[in-house]
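From first to last, the protein sequence lines stand for chains A and B. Counting along the first sequence from 1, when you hit position 1 you're at 1 in my numbering, and nothing is skipped either side. Counting along the second sequence from 1, when you hit position 159 you're at 159 in my numbering, and nothing is skipped either side.
Quick caveat, the hints were computed from the structure, so don't treat them as lab data. Mixed in with the good hints there might be a few duds.
[Said to hold, decoys possible] Derived BS3-like pairs (lysine-lysine); straight-line CA-CA distance at most 27 Å:
1. A:159 with A:173
2. B:78 with B:89
3. B:89 with B:21
4. B:34 with A:61
5. B:89 with B:73
6. B:73 with A:89
7. A:61 with B:21
8. A:61 with B:73
9. B:78 with B:34
10. A:89 with B:171
11. A:89 with A:61
12. B:73 with B:34
13. B:21 with B:34
14. B:21 with B:78
15. B:21 with B:171
16. B:21 with A:89
17. B:34 with A:41
18. A:61 with B:78
19. A:41 with A:173
20. B:171 with B:73
21. A:41 with A:89
22. B:171 with B:89
23. B:89 with B:34
Note that the coordinates shown come from a computational prediction; the quantities given were computed from them, not determined experimentally.
Next come the chains, spelled out residue by residue.
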Amino acid sequence: MTRIAIALLFLSSLPSFGWNPEEQPNVNSRYTVESVHVSGKRTSRLTENMRRELETVVGTKLDHGLLDRMATEIKRELRVEGVSVHVAKGSLPGQVAVEFLAEGGRRQDFDINIPKGVYQSRQGWSGGIETHTAFGQNEVALGVINDGDSGVDRFAGLKARYERNSLGTSRIKMRVEFDSYHDQWNSSTLAAAARSHFSPDLYRSRQHVEPSVTVVLAEPLTLTVGVSMDVLDSQSYGLGAARSSGITLASAAGGALRFHERWTGDMNQDLDAGYSIRSAGAALASDATYTRHALNLGYHIERGHSTVAINVLAGRITGDAPLYDRFVLGNSITLRGWNKYDLDPLGGDRVMHASVDYSYRWLRVFYDAGAIWDAHTAVDPKQSAGAGIGRAGKDGFLVAAAFPLRAGHIEPMFIVGFNF
Amino acid sequence: MLASEIAVRWRNEEIHVVAPKLHFISGNSLNRLKDGAAVPFDFQLMAWSGSRSTPLGRAFERFVISYDVWEEKYSVTKLRGSAAARENKTITNLTATAAEAWCIDNIAVPASGISNDQPLYVRLEVRSAEAKASTGLVGESGISLPRLIELFSHPARPEQQRWAVEAGPLKIEDLKRAARGT
Chain A
1 MTRIAIALLF LSSLPSFGWN PEEQPNVNSR YTVESVHVSG KRTSRLTENM RRELETVVGT
61 KLDHGLLDRM ATEIKRELRV EGVSVHVAKG SLPGQVAVEF LAEGGRRQDF DINIPKGVYQ
121 SRQGWSGGIE THTAFGQNEV ALGVINDGDS GVDRFAGLKA RYERNSLGTS RIKMRVEFDS
181 YHDQWNSSTL AAAARSHFSP DLYRSRQHVE PSVTVVLAEP LTLTVGVSMD VLDSQSYGLG
241 AARSSGITLA SAAGGALRFH ERWTGDMNQD LDAGYSIRSA GAALASDATY TRHALNLGYH
301 IERGHSTVAI NVLAGRITGD APLYDRFVLG NSITLRGWNK YDLDPLGGDR VMHASVDYSY
361 RWLRVFYDAG AIWDAHTAVD PKQSAGAGIG RAGKDGFLVA AAFPLRAGHI EPMFIVGFNF
Chain B
1 MLASEIAVRW RNEEIHVVAP KLHFISGNSL NRLKDGAAVP FDFQLMAWSG SRSTPLGRAF
61 ERFVISYDVW EEKYSVTKLR GSAAARENKT ITNLTATAAE AWCIDNIAVP ASGISNDQPL
121 YVRLEVRSAE AKASTGLVGE SGISLPRLIE LFSHPARPEQ QRWAVEAGPL KIEDLKRAAR
181 GT
């Protein structure tokens, strides 16, 4: 009897046609998804982008891991307590129907986020905190920030933002941002300003207003147009470089094209590419006259425990841009290991940068290469590399030692934190 | 579960167990299986004499169980080695009880080094290794503080189910004698 039972077990253990348990231990992965539905609470809030992503699952073999990741996205979009995945027999043999069930009612439409928290051994701490409140199609964000990492200056102050996610149609969104900052300047920047040919304005405070409208041209390509106004409270440090105290207005009109697409499956991929232009001049009653072009590309691929992230930045400024709009390299995300004040303490009006990050589980290595220069100076490319703990990618938390690659004395820079 | 609900067997110089009353395909795991998901279960079989902290032998195995929504039968894959060099062993078309029995039958402790007359204790532990639910901790706007607080406010992995059964004291010579008798 035992032998018969073992023989039956052996026969039944032969894998069914179309299913490879080596790759996918779920027996249902041999079935084709015939339909996908989302039911339960607040399903009307599901975005077109997510609906489109759900449709791509129909006709493919069942991948429950992918469905779980989609459930997480749906939960985030609908702001519900949970989304469960149910797979049932389809209408035809070999097909299955997938249902996402949004449960638990409405989650609180209030959130507190930390968009940035970075310590760099040469530039100190930078961080911010934001609150988000959503009501209907409206979202209000209020936050405080102290950032000595991303720009030439260290700026600290308040950020406020209002967004309307649908302006008549969900293809048009509106946003108004207001920021108020106090600025501090590094001694290297002050010294460089004194020597500079373009007498940069070392403002002590900045008020920034930027209304903009984003139009979905063709998913996932969007166009954003808007204007920005920056009121700078200028000051003199007595170095002969800055102007006497007074108010300066820098107003600009701009636009940005962005393509952001994600592909999920065996490999998760994310492509985020954009081009932006901002132009300020007398026509907008601006004291500053300049045009700034920036091109960025981010590609992120994840398979198994391995993740690769590639980021490219290229930029060019013509005219004399205020310091907040000049390019910077040598911070927690670009030319990691270099000090931005050693590279260009006033920022540059030309930039090229590329970085490659690779992580296996929580071990991460990276290589950066780039150059920052001005129209009248020579290009001096730099490289850096580092290793540490963290996942490569957009939500990249990093604890690392980074080294500038150069001859002579090499001093490592320590970076701890995350950027979003 | 009572000790009498696990029986110890001798086979191919290894210690096996049989636990017909141990039903780990149940509760949350069963619900997830019926919803078409694959649920991993981690098994530990341990044999010791004297102190449990110094086992004479120990085996770990992971089995992934899934429920065929069309056939209404269970499938089990025994995962071996790393993901890159995996030599899985799979069986399909099982009832829940047969799937449980197959898992338990496919874990064994090598008996080399255990003397025949040594008093022996055996313990089988089963844990459901549910997929980690996403916390929503990290979003496009950064790290969410309420989610962070929520994460640390809850006990770790409350959804994980766990079972354990023990047998002993017994002797290898008795097991060998019983094996010859069958």
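Outcome of the hint check:
With a C-alpha separation of about 19 Å, the suggested pairing of residue 159 (chain A) with residue 173 (chain A) holds against the 27 Å cut-off. Pair hint residue 78 (chain B) plus residue 89 (chain B) holds up; C-alpha atoms about 5 Å apart against a cutoff of 27 Å. Proposed proximity of residue 89 (chain B) and residue 21 (chain B) is supported: the alpha carbons are some 24 Å apart, at most 27 Å. For the hint pairing residue 34 (chain B) with residue 61 (chain A), the CA-to-CA distance comes to about 18 Å; that is within 27 Å, so the pair holds.
At roughly 17 Å between alpha-carbon atoms, residue 89 (chain B) and residue 73 (chain B) fall within 27 Å of each other, so this suggested pair holds. Taken as a hint, the residue 73 (chain B) and residue 89 (chain A) pair is honoured in the structure, with Cα atoms around 13 Å apart against an allowance of 27 Å. Among the hinted pairs, residue 61 (chain A) with residue 21 (chain B) is inconsistent with the structure: their alpha-carbon atoms are about 36 Å apart, more than 27 Å. A threshold of 27 Å between alpha carbons decides the hint, and for residue 61 (chain A) with residue 73 (chain B) the separation of about 19 Å falls inside it, so the pair holds.
Annotation: proposed proximity of residue 78 (chain B) to residue 34 (chain B) holds, straight-line Cα distance about 20 Å (limit 27 Å). Distance hint between residue 89 (chain A) and residue 171 (chain B) is unfulfilled; the C-alpha atoms sit about 50 Å from each other, more than 27 Å. Proximity of residue 89 (chain A) to residue 61 (chain A) is assessed by CA-CA distance (about 14 Å); at most 27 Å being required, the pair is judged to hold. For the given pair, residue 73 (chain B) sits about 10 Å from residue 34 (chain B) by alpha-carbon distance, which is consistent with the 27 Å threshold.
The straight-line distance between the Cα atoms of residue 21 (chain B) and residue 34 (chain B) is roughly 21 Å, inside the 27 Å bound, and the hint therefore holds. A threshold of 27 Å between alpha carbons decides the hint, and for residue 21 (chain B) with residue 78 (chain B) the separation of about 21 Å falls inside it, so the pair holds. A hinted pair counts as satisfied when its Cα atoms are at most 27 Å apart, and residue 21 (chain B) with residue 171 (chain B) qualifies at roughly 23 Å. Distance hint between residue 21 (chain B) and residue 89 (chain A) is unfulfilled; the C-alpha atoms sit about 30 Å from each other, more than 27 Å.
Only pairs whose Cα atoms come within 27 Å are accepted, and residue 34 (chain B) paired with residue 41 (chain A) is accepted, the gap being roughly 22 Å. About 22 Å separates the Cα atoms of residue 61 (chain A) and residue 78 (chain B), which keeps this hinted pair within 27 Å; it holds. Our distance criterion of 27 Å between C-alpha atoms is met by residue 41 (chain A) and residue 173 (chain A), whose separation comes to about 24 Å. For the given pair, residue 171 (chain B) sits about 38 Å from residue 73 (chain B) by alpha-carbon distance, which is inconsistent with the 27 Å threshold.
For the hint linking residue 41 (chain A) to residue 89 (chain A), the alpha-carbon distance of about 24 Å falls within 27 Å, and the restraint holds. For a cut-off of 27 Å, the pair hint linking residue 171 (chain B) to residue 89 (chain B) is broken: about 31 Å separates their Cα positions. A distance of roughly 22 Å separates the Cα atoms of residue 89 (chain B) and residue 34 (chain B); the hinted pair therefore holds under the 27 Å criterion.
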